[in-house]
Amino acid sequence: SQQGEEDPQALSIQEGENATMNCSYKTSINNLQWYRQNSGRGLVHLILIRSNEREKHSGRLRVTLDTSKKSSSLLITASRAADTASYFCAPGEIQGAQKLVFGQGTRLTINP
Amino acid sequence: NAGVTQTPKFQVLKTGQSMTLQCAQDMNHNSMYWYRQDPGMGLRLIYYSASEGTTDKGEVPNGYNVSRLNKREFSLRLESAAPSQTSVYFCASRSTGTHYGYTFGSGTRLTVV
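Protein chains in written order, with our numbering: chain A, 1 to 112; chain B, 113 to 225.
The shape of chain B in the complex, shown without the other chains (with noise of 0.2 Å):
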């Protein structure tokens, strides 16, 4: 099925410890976005991709990295993991244009302890 997939669906870390989250999307789209939600939050922006070959910080973008590794993928890479990095990680992606909404992948839980 065409759209946005995340890996993995769930994690556990321990502080200290690093990942990365996967994000791969099938609709050759050209940006694409990682938020974070906390419970009962919205979503906050931590980085994006507006096109292959570009990325640049949005909201919270301290204890993370992003690659885009080229026009599909787009993965998010937490070096050293903090309790305060516990939260759901949503990837999206968007077609070129202004009036094109997201596409939002079923996010990745991540835990640190």
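Extracted from the complex, chain A is given alone in its bound form (with noise of 0.2 Å):
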């Protein structure tokens, strides 16, 4: 299994503004998946993007994946103070049990 790196670590915007955090990843994928964390709780999928796709939305989410540079974006548009919360992104196997593994993720606040 291979970890994403997340990047930034800390993101802090305004609300309303867009938020990109960038993940990078070393070794082929199946999968690339994006996660939320608010503080306390437990991780909850936001979307997954496979390797055949470029981009993928899902309402003010939009995930890219570039294969070739082993790299995805996560944009979170119009952001709302209710998107607060650390992002983690974690490459999918292509074979096995699919374990993921985590990096440590970017803290995004939002400031109203």
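Take these hints with a grain of salt, some might be off.
[Stated by the list, open to error] Just so you have them, the derived chain A footprint on chain B, three or more residues with Cβ under 8 Å:
hint, stretch
1, 148 to 154
2, 160 to 172
3, 214 to 224
[As the list claims (entries may be wrong)] Capping the alpha-carbon separation at 27 Å, the derived lysine-lysine pairs in BS3-like fashion look like this:
hint, chain 1, residue 1, chain 2, residue 2
4, B, K126, A, K99
5, B, K126, B, K183
6, B, K126, A, K70
7, A, K69, A, K56
8, A, K99, A, K56
9, B, K169, A, K26
10, A, K99, B, K121
11, A, K69, A, K99
No wet-lab data here; the hints were simulated from the structure.
Positions of the beta carbon are idealized from the N, C-alpha and C atoms, including for glycine.
Once you've looked at the hints, go ahead and assemble the two chains, each given alone in its own frame, into the complex.
Below is the structure:
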């Protein structure tokens, strides 16, 4: 299993602005997943993008995947206070039990 | 509500005590996982069960044992708790197939004194 590395480690923006966070990984993947964790809570699955997809949308979320650069980005548009959380990316294994390895995440703070 | 249920939510143990963390899912998922999360850190995989009847070690298995009791339940046991095992423990499950995300429980906050 491989770990995704999120960048930046912390991001603080004003409500209504867009937030972009990035993820890099090292080896070939089957998919890449993004999760959100509110303080003190379990992770919530946000979106999964398959290795043959380049872009995927879900509500205010937009995820891109560039397998040639081994990188992904998560864009949250029109941010809200409720988006304040830590965000984690997790590369999905090509084979096996799909064990996910999580990095330290990006801590996003939305200021009112 | 469908999901992953973890018990207990909070626990304080003395060094050397044992306990079992319980996890149950009602989504008919095949795979289940146990993670720990230390302050300011990501999650580290302790053990996982790809399917009923199988268990395998993750990144940090030392000091833990697991039991996949049936398809629904996956328990984590600390035989002799140590302060280094103070952490928040999360259980997760996933459906069969390669393009499904995890569903996480709300966690067990364990303190070992």
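Please verify whether K99 (chain A) and K56 (chain A) have alpha carbons no more than 27 Å apart.
With Cα atoms ~22 Å apart, K99 (chain A) and K56 (chain A) stay inside 27 Å; holds.
Given pair status - K121 (chain B), K99 (chain A), alpha carbons within 27 Å
This hinted pair holds, its Cα atoms lying about 24 Å apart.
Can you take a look at whether the stretch 214 to 224 of chain B is actually covered by chain A? Rule is 3+ residues, C-beta closer than 8 Å.
Satisfied; 6 residues make the cut.
Distance restraint between K69 (chain A) and K99 (chain A), which requires alpha-carbon spacing of 27 Å or less
At roughly 22 Å apart (the allowed maximum being 27 Å), K99 (chain A) and K69 (chain A) satisfy the hint.
For a C-alpha distance cap of 27 Å, please report whether K169 (chain B) and K26 (chain A) respect it.
holds, 22 Å
Mind checking the alpha carbons of K69 (chain A) and K56 (chain A) for me, to see if they're no more than 27 Å apart?
holds, 17 Å
Can you tell me if the stretch 148 to 154 of chain B counts as covered by chain A, using C-beta to C-beta distances under 8 Å and a minimum of three residues?
This one holds; 3 residues, not fewer than the three required, reach chain A with a Cβ under 8 Å.
Starting from K126 (chain B), check that the Cα of K183 (chain B) is at most 27 Å away, please.
Distance of about 32 Å is beyond 27 Å: violated.
Is the coverage entry for the stretch 160 to 172 of chain B by chain A consistent with the three-residue Cβ rule at 8 Å?
Coverage by chain A holds for the stretch 160 to 172 of chain B (5 residues, Cβ < 8 Å).
Given the hinted pair K126 (chain B) and K70 (chain A), is their alpha-carbon gap at most 27 Å?
Given pair K126 (chain B), K70 (chain A) is violated - Cα atoms ~45 Å apart, limit 27 Å.
Quick one, are K126 (chain B) and K99 (chain A) close enough, alpha carbons at most 27 Å?
violated, 31 Å
When held up to the earlier numbered hints, the structure conflicts with 4, 5, 6 and fits the remainder.
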